[in-house]
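Chains as they are written, first to last, in the working numbering: chain A, 1 to 312; chain B, 1001 to 1358.
Treat the hints as calculated values from the structure; they're not laboratory data. Just so we're clear, the structure is a prediction, and the values are computed from it rather than from any experiment. Ideal Cβ positions, reconstructed from N, Cα and C, are used throughout, including at glycine. Among the hints, erroneous ones may be present.
[Stated by the list, open to error] Derived, one-sided and incomplete: chain B residues facing chain A with beta-carbon distance under 8 Å:
no.: 1; residue: P1014
no.: 2; residue: V1015
no.: 3; residue: L1019
no.: 4; residue: L1066
no.: 5; residue: I1135
no.: 6; residue: I1138
no.: 7; residue: P1143
no.: 8; residue: A1152
no.: 9; residue: V1304
no.: 10; residue: V1315
no.: 11; residue: I1318
no.: 12; residue: T1330
no.: 13; residue: A1334
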Amino acid sequence: MSSVDISVPTLTPESTYQRQSPGVEALRRLARHRSARVGFFILFSLIFIAIFAEVIAPYNPTTVLSGVTRRSPPCVHLLGCPEDQEQHIFGIDGNSRDLFSRIIFGSRLSLQIGLVTIGFAILTGGLIGAIAGFVGGWVDNILMRIMDVLMAFPSLLLAIFIVTVLGPGLINALLAIGIISIPIYARLVRATILSIKELDYVSASRALGASGIVLLFTRVMPNALTPLIVRGTLGIATAILDAAALSFLGLGAQNPTPEWGLMLGQERGSVFNAPHLVFFPGLAIMLTVLSFNLIGDGMRDALDPRLRSEGA
Amino acid sequence: MLQFLTRRLILLVPVVLGLLLITFIIVRLIPGDPCKAFLGERATEAKCAEFRERYGLNDSVPVQFLRYLGNLVQGDLGMSVKTSQPVVDVIAQRLPMTMELAMAAMLFAVTGGVVLGVISALRRNSTIDVITMVIANIGVSMPVFWLGLMLAFFFALVLKDTFLSLPPSARLSAGVSVVSLATHWGLTDLQGLPRFIIMFLSNSVIFSSIVRGDWAMLGDATRHLILPAIAVGTIPLAVIARMTRSSMLEVLGLDYVRTARAKGLVERMVLSKHAFRNALIPIVTIIGLETGALLSGAVLTETVFALPGVGTQLVTAISARDYSVVQGFTVVIALIFVVVNLLVDLSYAYLDPRIRLD
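In isolation and in its complexed conformation, chain B is listed as follows (with noise of 0.2 Å):
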């Protein structure tokens, strides 16, 4: 296990390093000087040789390269052009919105995807089962941004005065904001680390107002987020309820599964026990694959219910052409793309005792 991880994590190093090159080499890419871009487009010649200077832009793309690994491991992701502010706090704010949305998107679609999924297979052919799977066919169709859209219109406008209202945009209601875990907690003089994770948790306002036993906060949150996970998760949900029925369908007509029955076992445990969690193998690949969606999701939920997460800032900073904040945000996603994808292969040792990690 521990030789496994081991190596999957040495493995990992190239398609990291890969994709950190890959990303650097775009922002360079982009024509336009980066002093005109950062001091203005009226900056005279000698700042902008001074600025060339401390920036180190005179040296070779190599060496910048490195020198950008090395800010990297020190948790320097550079500065945003537009508000001057270190693009990790960038993060540290924006990133906590997307993954509480992205988690929130994919319990629904976990659960919904293999409740419908399982259903469809026990009861094939029946009129559940015909309606679940046109229901996933269009679900895969649908643009998550309409879907969005609609949910908002549906929601906050049709259902308006009824209990089932909820809320079309933002994180939190107006007059309620974000309370900084470091004062709650009488923190000062924080820095580096620390720093940052302190900052995300009090971002992350589901857990944040957990913590704090704010439950008035944690209930208006909690609103703010069911329609976009609903819109987030809905395409997740249809391809995970599909594999869910096809990969049920295949482990029933296994023969262990008819030996089962046949020595008078309990039919929910024949299901639950052994064709369940065979079943789950394929279904966990494509919740592993679905991260991948579901980020890409989460980017345009955002924008359609305007949530202060990484799309809405994804979007700002590429009109502003704040590209340090661009190419910290590219980085980061994928990370985390590769880190559930690395899980997603340490689960499958957990499953089936069968896939030995080596």
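Chain A extracted, bound-state conformation (with noise of 0.2 Å):
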């Protein structure tokens, strides 16, 4: 009978459990995330592509050219275009502008756009939801009925409404999909005061003497933080969206503001001949709201794990 090996494993330090606090090790969990990281490498090329625009793009994206013809097919000199032309990747538009330079100078828009609508609902929203979730009563019953009325309504025809009346422009589409996001804030932030609002360390904290300020912002609100972060990546995506579609109905942003949503409305009609101008800016909007969807996707696995999806 051999001898049976008893001997305690020893504690060496390599082999304890290194502690992390949640944020690193959300931040790990969302680095392994696979979807996650094609989403960050997509948003940080189009992050590098809208700082460096003026460098990449060859072309000013407002000017017209001479010497081209309208709506010629792209021109790539690695692709058998005759050296003695002049290269345009992507071809030129409607207005004999480069298309590639156009294309570019988008990127920042479309940024912009995603995150000046996102961040204005959170605000409001996540403002109206505080207030609701924490004052209760009355004031609760009537923001919240408020907020149903415009969840309501689809949401692209409610900004589609609410531009008719402030009149087409870029700023008017902004702030018409700026506030038919904010009711899905509002609700989150919301939800998450009254589930915490009567737990026992904000009890101890307003025992302490806390003011209901101070609760709100110290110990209720960091909680809703984690949902918010997720449900406005998200929310980015669904904007950027909205803008472009405003933008493709004549609503949003007016020529010859490099918007991919106009780019593409201006020249739906060319769809049949010069088919470019269409596909380009639309694999633009999709790549980028892809971006923020994988990135959305990744944050809710890896932050909030009781919202977590099945598989990556």
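Need the complex rebuilt from these two chains, each delivered in its own frame; the hints are there to steer you.
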């Protein structure tokens, strides 16, 4: 009978579990998330393109070029376009402008649109939700019924309706998209507050004499941050799509602004004779929206285990 | 059940009233004199005074709102400034197109989404699963109008002379026009609601051609509907596929499914009777939520495919500042949205007897 090894493994510093703060742990999970990685890669490329747009774009996005044919197809030297021709890798648009340069500059606008509208919606909606949840009573009732009514409209139609009244234009379109996004964040913050505000640690804080405002912002609101970040990231994706849709209908950005939705809308009639003018702006919109969707999904899995979806 | 329905309908009243109030107020906020908008810039002051008197614009806003509600209940949504047609008639002409499109898109999204989702869940982490989920991710990120244009380009130009060729625009081929069911059935002197219903049905091209047995027109209308329906349905399809997958995976991991298998039930029965039915609840919720996206998508897709529906009308009305039409359509679409969500709530009880409707 062989002897049985009964020695107890010794604890070495390497084998003990390294404690990490929850934030670092979440970031680690996010970095391991497969689709979030793809999302971050696309997003960082976009941010890079947006920052260095002047360097990357060969032409000014609004300058009408001379000596080019309108709506001429892409000309890439590597793909067999004659060397003596000017290179326009995405072709020329209906106003004799370089499409590639316009798309490069469009990335700036698109990222700004997403951040500004959702920032506005989170601030306003968060405040409304915080007041409703914390004050309660009739204030809560009135605020949330207004939110219900806003939610009763299909969102894009409400945005179209609001822009009609305010008049077409990029700023008004952004305002409209911001307004239609408010109810989501108001409900989210209110739900978090309702579930937190009666917990013992909040009561303890109150017993120690913390005022309502202090309680709200230091004890309760931090709990709403995670779902807000997750929803907000996915919200940016929707906002970019909605803004593009409004511009497509001629209600958002106006010519000559290099906005992807507008570029698509203006050239939709030439889809049969110059499909590249429709293809590239749409592809740009899709990639941008995709990056935020992927990151949002990844964040949901990494930050909020309760919301975790199956698989990556 | 009846009690629940009554309560839900009563709860809808404040939402619908709020919805009407918001559209009413927004339209009143529009800068500019309605008289000048209606009669033209050169309308004299006397004419304008008469106009305001006739349309009750001198009354206070609450009185106007009550009158608006009164008219609405009687089916009067005002007149279109542009075409001098009652808005109700415009709705009867345009809404059927959008509803047909939305329904066709929903059919495509639900069948496609559920099938792909179930397959992905059953073959988890297989190639099919990965491909489906990648497509689903791309699908939710695509602008509807771009997909529409790309489909039109592909099916109408690239596949032009093949049997897959599909028309890129319009509701019916040139030369084919909508037949009025009133004339077909020899109905004359229709007024009010019956007139609206007959007009609505006549413009529901697919319904009307089936009723009349006009198979050529049915085929034509269907062919024109395929591409728009795919464009509108793709985003909901992607969302439904993802939801179905995760919902199925969750249910398949539950104890009672294991029990069902352990007692020797055929796998097909386990899946269809035990797992799928319970996985349906979140799927139905998503279907309800996607109705809004579907209606918005229909509005955008109609402009791409030049379909005579609500979307194209809405865009024309907006550029013509035809506010009564815009207001009328907004109200009608919001009402449809509200009703669909009510139906979704009702279907929960059918799918899961544990959910009590009270």
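Given B:A1334 as an interface hint, is its Cβ closer than 8 Å to any Cβ of chain A? holds (5 Å)
Would the hint on B:T1330 be counted as holding, given a Cβ-Cβ threshold of 8 Å to chain A? holds (5 Å)
Let's test the interface hint: is any C-beta of chain A closer than 8 Å to that of B:I1318? holds (5 Å)
Taking 8 Å as the limit, does the beta-carbon of B:I1138 come near enough to a beta-carbon in chain A? Since chain A brings a Cβ to about 6 Å from B:I1138, closer than 8 Å, the hint holds.
Using 8 Å as the Cβ threshold, decide whether B:A1152 counts as touching chain A. Holds, because the Cβ-Cβ distance from B:A1152 to chain A comes to roughly 6 Å (cut-off 8 Å).
Could you check if B:L1066 really has its C-beta closer than 8 Å to a C-beta on chain A? violated (19 Å)
With 8 Å as the cut and Cβ atoms as the points, is B:I1135 at the interface with chain A? Because about 12 Å separates B:I1135 from the closest Cβ in chain A, which is outside the 8 Å limit, the hint is violated.
May I ask you to test the interface hint for B:P1143 with respect to chain A, counting a Cβ-Cβ separation under 8 Å as satisfied? holds (5 Å)
Is the interface hint for B:P1014 satisfied, with its Cβ closer than 8 Å to some Cβ of chain A? holds (6 Å)
Mind checking the CB of B:L1019 against every CB in chain A and telling me if the closest is under 8 Å? Holds, about 5 Å.
Chain A contact restraint on B:V1304 - CB to CB distance below 8 Å: holds (7 Å)
Holds or violated: B:V1315 as interface residue toward chain A, Cβ cutoff 8 Å? holds (6 Å)
Hint compliance for this structure: hints 4, 5 are broken, all remaining hints hold.
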